[in-house]
Amino acid sequence: MADKEKPPAHSGNFLKAVFAIAWKDLAAELRSRELLSAMLVFAMLVILIFNFALKLDARTRITATSGILWVTFTFAGTLGLNRSMAVEKDRGCLDGLLLAPVDRSSIYFGKILSNLAFMFIVEAIVLPLYSLLYNINLFNPGLLLVILMGSIGYIAIGTLLAAMAVQTRTRDVMLPILLFPVVIPVVVAAVEASGGFLQGLQFSEVGYWINLLLVYDVIFIAIAFMVFDYIVEE
Amino acid sequence: MNKKPVGLLALDIICLILLAVATYLALGFAPMEANMGNVQKVFYFHVANAWVGMLGFIAAGVAGIAYLRSQDPKWDIVEVAAVEISLVFFLIAIVLGSIWARPVWNTWWTWEPRLTTAAITEMIYLAYFMLRGGIEDPNRRARFSAVYTLVGAVSVPITFMAIRFFRTIHPVVIGSQSAQAQGGFNMTPDMKVAFFFSLFTFTIIFIDLFWHRIRLGFLANKVEELKLKVME
Amino acid sequence: MDKKSGTVIEVRKLVKRFGLKTILRGLDFQVDQGEFVALLGPNGAGKTTFLRILSSLSRPSLGDIRIAGYSLPSQAAQVRQKLGVVSHLPLLYGDLTAEENLLFFGKLYNLQHLNPRISEVLDLVGLSQRRRDLVRTFSRGMQQRLAIGRAVLHDPEVMLFDEPHTGLDQDACDMLDKVLRDVAARGRTVVMTSHDLVRVEDLATRFDVLSKGVISASSRKADIRSGNILNFYKNSLAGKNGR
Chain A
1275 MADKEKPPAH
1285 SGNFLKAVFA
1295 IAWKDLAAEL
1305 RSRELLSAML
1315 VFAMLVILIF
1325 NFALKLDART
1335 RITATSGILW
1345 VTFTFAGTLG
1355 LNRSMAVEKD
1365 RGCLDGLLLA
1375 PVDRSSIYFG
1385 KILSNLAFMF
1395 IVEAIVLPLY
1405 SLLYNINLFN
1415 PGLLLVILMG
1425 SIGYIAIGTL
1435 LAAMAVQTRT
1445 RDVMLPILLF
1455 PVVIPVVVAA
1465 VEASGGFLQG
1475 LQFSEVGYWI
1485 NLLLVYDVIF
1495 IAIAFMVFDY
1505 IVEE
Chain B
106 MNKKPVGLLA
116 LDIICLILLA
126 VATYLALGFA
136 PMEANMGNVQ
146 KVFYFHVANA
156 WVGMLGFIAA
166 GVAGIAYLRS
176 QDPKWDIVEV
186 AAVEISLVFF
196 LIAIVLGSIW
206 ARPVWNTWWT
216 WEPRLTTAAI
226 TEMIYLAYFM
236 LRGGIEDPNR
246 RARFSAVYTL
256 VGAVSVPITF
266 MAIRFFRTIH
276 PVVIGSQSAQ
286 AQGGFNMTPD
296 MKVAFFFSLF
306 TFTIIFIDLF
316 WHRIRLGFLA
326 NKVEELKLKV
336 ME
Chain C
289 MDKKSGTVIE
299 VRKLVKRFGL
309 KTILRGLDFQ
319 VDQGEFVALL
329 GPNGAGKTTF
339 LRILSSLSRP
349 SLGDIRIAGY
359 SLPSQAAQVR
369 QKLGVVSHLP
379 LLYGDLTAEE
389 NLLFFGKLYN
399 LQHLNPRISE
409 VLDLVGLSQR
419 RRDLVRTFSR
429 GMQQRLAIGR
439 AVLHDPEVML
449 FDEPHTGLDQ
459 DACDMLDKVL
469 RDVAARGRTV
479 VMTSHDLVRV
489 EDLATRFDVL
499 SKGVISASSR
509 KADIRSGNIL
519 NFYKNSLAGK
529 NGR
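Chains as they are written, first to last, in the working numbering: chain A, 1275 to 1508; chain B, 106 to 337; chain C, 289 to 531.
Examples of chain B residues toward chain A, derived with CB under 7 angstroms:
1. I225
2. I229
3. M235
4. I240
5. R248
6. V256
7. I263
8. A267
9. F270
10. F271
Footprint (simulated), chain B over chain A, 3 or more residues, beta carbon under 8 angstroms:
11. 1422 to 1436
12. 1441 to 1448
13. 1458 to 1472
14. 1489 to 1495
15. 1498 to 1508
Rather than coming from a laboratory, the hints here were simulated on the basis of the structure.
Idealized CB from N, CA, C, for every residue including glycine.
Based on the provided sequences and hints, a complete structural model is requested.
Structural data, given as structure tokens:
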């Protein structure tokens, strides 16, 4: 047979595995669109509810916008994380991934890529929608930067915790309970920085928050990378 | 390991004595503070309890890392003990903080960075116990707990920094008082005696309870082992 | 890579504990190249646990394991390249087509010339017609066959099957057996756990019984008169064919 298995070339294989896993998640989701539609519908409902729950005049709306956006992203993000891991657990697919001769952390990074992609898609739809509904211009480069960095931090720790949560008895409830207390720095920093940019503050004034986000992102990606093995191996 | 070791018994007695002395020092010996009155005396135990909470927090983090590196289940027992103690002592500290805040600032809760971070740490602990409750396999339970302890231990200092900066930008007006509401005052030498003695006392209490709780964990394990032997 | 001539799986004094419970108690097990071992035993005896350890999905508490010349768990990555595993869960992605599933796993195993290989494998398991269909439209029998396809994609030396006939009807079982025979015919070493003694009688060359945490009996097919597998099994459990 011309195609016998080659000896594992670990480093090249690592990236290949990461992208294969991310591609697999995106391809499957594009077919069923269950995860994305759930996240989107949920996000829009949250925004709708906020409209009635907080009666905002035009001025306070600007200051409240960043908070509302991040609450929306945080909760919708949880849905995405849960679903993405549940797929692996339900059909035993996680075992399939573990049987492959690849580094366990490639599973982590592959999952981060796909989870981030889902979150970005949702954000890309929510932002223009919110802009339209509330007549606020959200196409602010600073804001987009914050959304990028905040999402990365959220997904980095969220993917790790989702991998844990999905292996417990009370799966769906477990993730928010584990995630929210430890993701507070991201939420605080993201809301403050977003609000700052929307109000037209200079970069130097929100610099502290951007730094905090950067520190958080780097630290937690590093930690998750180091401990992921312990979560998936028995 | 069946009877309580003599050392532990001695420590128990020492703790009781120390606690009695510390109470006297805080309530009787230390002078009354000019602005806040007698309620300020809550401060001595409030800080001491928070201090013990911190000790437990650090111990838990260390135990978590030790477990991941060695896979030795003994570290899991140490970790649970540390988290439990930290949980309880932070709770006491928070409650004492409320008791202190009410008459002084006319509010039960000040969004003071340390207090708020303690409350968030409590939530992490609760999540920790819920996580443990949802896992049957002891090995997996220990591994996941250790990982979450590590995650929590790293996120709490970052949370503190975030909240502290948040507070400097958005000062909270507590009741009718100024924005600081962090209980600043200057300590006289007598107050310092009471303060440091409280810290010392509660450190000893921490060691005592930690020892007790770890011992309890080992004994519980022994019971499980014996149960299984009998069943076979 | 040192292996005794022909020994592909070697297990010595394997112990597996879950907390305080001991499931496998010093199990010894040896399989030579080309053997098809049927692993029998009562429920809860530890067959699945044992297979998970062999597949590198679970770590042993104590003991030595060598598969295809590599040790577990220290050389797990190399072992995985040589193993094909089929469990009773399909391990497939329902929202992808059969082809896409195989493409995905092919990439994970870093295989070259994937497309012809995928065609070959789909032929082997009789699913060429359903190449572009979503796996969630497959019947359970078809999913199991595709799962076997996934397992042989990288041409492993050793195959492990955990109760592959679970949940399949007669026809599906017959088809599965045909595939199993093809797979085994290429000189591969197979270990399969099963409840279905009749099915297994045809396929296997050797029968081992796992009971009370150890292999309590082992016998080559040639040494058991035909139709007496059931007696062999019952006797083993009662401790008569003891080791």
